[in-house]
Amino acid sequence: MSSSINVHRLGLLVSVVFVILNGPGNLVVAFKDQKGLGFDTKSLLVDTHKSFSRLHMMRRLAATSTSTAKVVNVDDYGAKGDGGDDSEAFKKAWNVACSTERAVLEVPKNRIYHLKPTTFSGPCKSDLTFKVYGTIKASVRLSDYNKDRRHWLVFDSLTDFRMEGGGFINGNGRKWWANSCKINKALPCKAAPTAMTFYECKNLRVADLIIQNAQQMHLSFQKCVNVKALNLLVSAPAKSPNTDGIHVTGTQNILIKNCVIRTGDDCISIVSGSKNVQATDIVCGPGHGISIGSLGADKSTDYVSNVLVNRARLSGTTNGVRIKTWQGGSGYAKNIIFQNISMRNVSNPIIIDQNYCDQNGPCPKQVSAVQVSNVMYKNIKGTSASEVAINFDCSKSYPCTGILLQNVGLVSNSGESAKASSLNVRYTKMGDVYP
Numbered sequence: 022m023s024s025s026i027n028v029h030r031l032g033l034l035v036s037v038v039f040v041i042l043n044g045p046g047n048l049v050v051a052f053k054d055q056k057g058l059g060f061d062t063k064s065l066l067v068d069t070h071k072s073f074s075r076l077h078m079m080r081r082l083a084a085t086s087t088s089t090a091k092v093v094n095v096d097d098y099g100a101k102g103d104g105g106d107d108s109e110a111f112k113k114a115w116n117v118a119c120s121t122e123r124a125v126l127e128v129p130k131n132r133i134y135h136l137k138p139t140t141f142s143g144p145c146k147s148d149l150t151f152k153v154y155g156t157i158k159a160s161v162r163l164s165d166y167n168k169d170r171r172h173w174l175v176f177d178s179l180t181d182f183r184m185e186g187g188g189f190i191n192g193n194g195r196k197w198w199a200n201s202c203k204i205n206k207a208l209p210c211k212a213a214p215t216a217m218t219f220y221e222c223k224n225l226r227v228a229d230l231i232i233q234n235a236q237q238m239h240l241s242f243q244k245c246v247n248v249k250a251l252n253l254l255v256s257a258p259a260k261s262p263n264t265d266g267i268h269v270t271g272t273q274n275i276l277i278k279n280c281v282i283r284t285g286d287d288c289i290s291i292v293s294g295s296k297n298v299q300a301t302d303i304v305c306g307p308g309h310g311i312s313i314g315s316l317g318a319d320k321s322t323d324y325v326s327n328v329l330v331n332r333a334r335l336s337g338t339t340n341g342v343r344i345k346t347w348q349g350g351s352g353y354a355k356n357i358i359f360q361n362i363s364m365r366n367v368s369n370p371i372i373i374d375q376n377y378c379d380q381n382g383p384c385p386k387q388v389s390a391v392q393v394s395n396v397m398y399k400n401i402k403g404t405s406a407s408e409v410a411i412n413f414d415c416s417k418s419y420p421c422t423g424i425l426l427q428n429v430g431l432v433s434n435s436g437e438s439a440k441a442s443s444l445n446v447r448y449t450k451m452g453d454v455y456p
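The sequence shown begins at 22 in full-length UniProt numbering and counts up one residue at a time.
Hints are supplied without guarantee of correctness; some may be wrong.
Said to hold, decoys possible - Pairs of lysine-lysine, BS3-like flavour, derived with a Cα cap of 25 Å:
(1) Lys296 to Lys211
(2) Lys206 to Lys158
(3) Lys399 to Lys320
(4) Lys320 to Lys211
(5) Lys203 to Lys244
To be verified - Label pairs and their in silico Cβ distance ranges:
(6) Val432 to Pro385: 30 to 40 Å
(7) Asn434 to Glu122: 51 to 61 Å
(8) Gln387 to Arg365: 33 to 43 Å
(9) Leu444 to Gly105: 36 to 46 Å
(10) Asp379 to Val92: 18 to 28 Å
(11) Gln387 to Ser443: 17 to 27 Å
(12) Val432 to Pro383: 30 to 40 Å
(13) Arg171 to Gly436: 44 to 54 Å
(14) Ser178 to Ser438: 23 to 33 Å
(15) Thr89 to Asp453: 52 to 62 Å
(16) Tyr455 to Lys203: 34 to 44 Å
(17) Asn434 to Lys101: 27 to 37 Å
(18) Ser442 to Ala199: 13 to 23 Å
(19) Asn205 to Asp302: 44 to 54 Å
Just so you know, these hints were derived from the structure itself, not from any lab.
All values reported here derive from a predicted model rather than from experimental measurement.
Cβ coordinates follow ideal geometry from the N, Cα and C atoms, glycine included.
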């Protein structure tokens, strides 16, 4: 699909060209600024190198039939699904499947398997499919996590890996939430496990799963390349602490599509090292919205670029589409598009916060900042639960540049006018924009 928009405004000609191909990393988005509106003429160009080989790989994997692959059933290796610990049986089954040509590791339906923290390591002999038809549930014994409090299920160094099946991944997180310092201020703040972590994986597909009640984050992609996260239902109570839905860090070429995310933190969070990120057809809420960041904490240098959030519905979230950076950091968040988004009863629908501070007590004023540039908000409509619907709180030393608002309409829940607030930002409006 392609489209071109030419807009005359105050004698300035801006050409915004979109070319969108199927799949992660196949997105081409280019801004051309002919008269100095602040857009870099090379901005928003997503690398499409290796697109065809990647698509060929995905099609080849999709054509793989379980009838021609070796099926490795966890029950055959001692898994019981009777309330006891099935971790060792899963490890044995994994080792067999991973060392077998074109295997399918199968978790039967109508069974609940309990696992302690478990790492499923590669590389494997060839492409591997993990079919979850039943339920995988986390151990609730906190002592089981003494060696590693940050992870439950880890998938490490896998290539051409698929995880699917329509089953459940249940983090069993209620005990962890009760022991969170965000729930009980008297408790010390301690790490809690991410339910599913994919680390240094390549050509990865996670699809058709229900991921619920994570101890902390639900699904994290770390240092992965060529990822599809499709048709996922991610859920936890609205007041469950730090339960981000999908977390993207250090990952390139990722498509998140057709996902419903209802959690107690960000529906999608995109942090440093991530590039070529496409999130489309997303339902979000409750939760904290869709966030880029936080970036620049503890004076770190962080980079995020080439992000498209397209066709999203947000309802009852504490933020809408947000970019958040700490003072004192460096790096950039650039070449970002939020478009075709509807919001209902959303606080802070559009927000850039370069003075983000998530700690007890005030954060000290600092000069350096993560640069935010080339951000477009297009076709965003709905109602705001906060008085201020658009809030650009940018750095005095590193102002936000190249910000474009096109066809944005946000009103208060009562139907009255909302407000916009801007500090240290240069932005342009096109079409009808209110407030």
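Violations among the numbered hints, reported as their numbers in ascending order: Going through the list in order, the structure violates hints 1, 2, 3, 5, 9, 10, 14, 17, 18 and 19 and respects the others.
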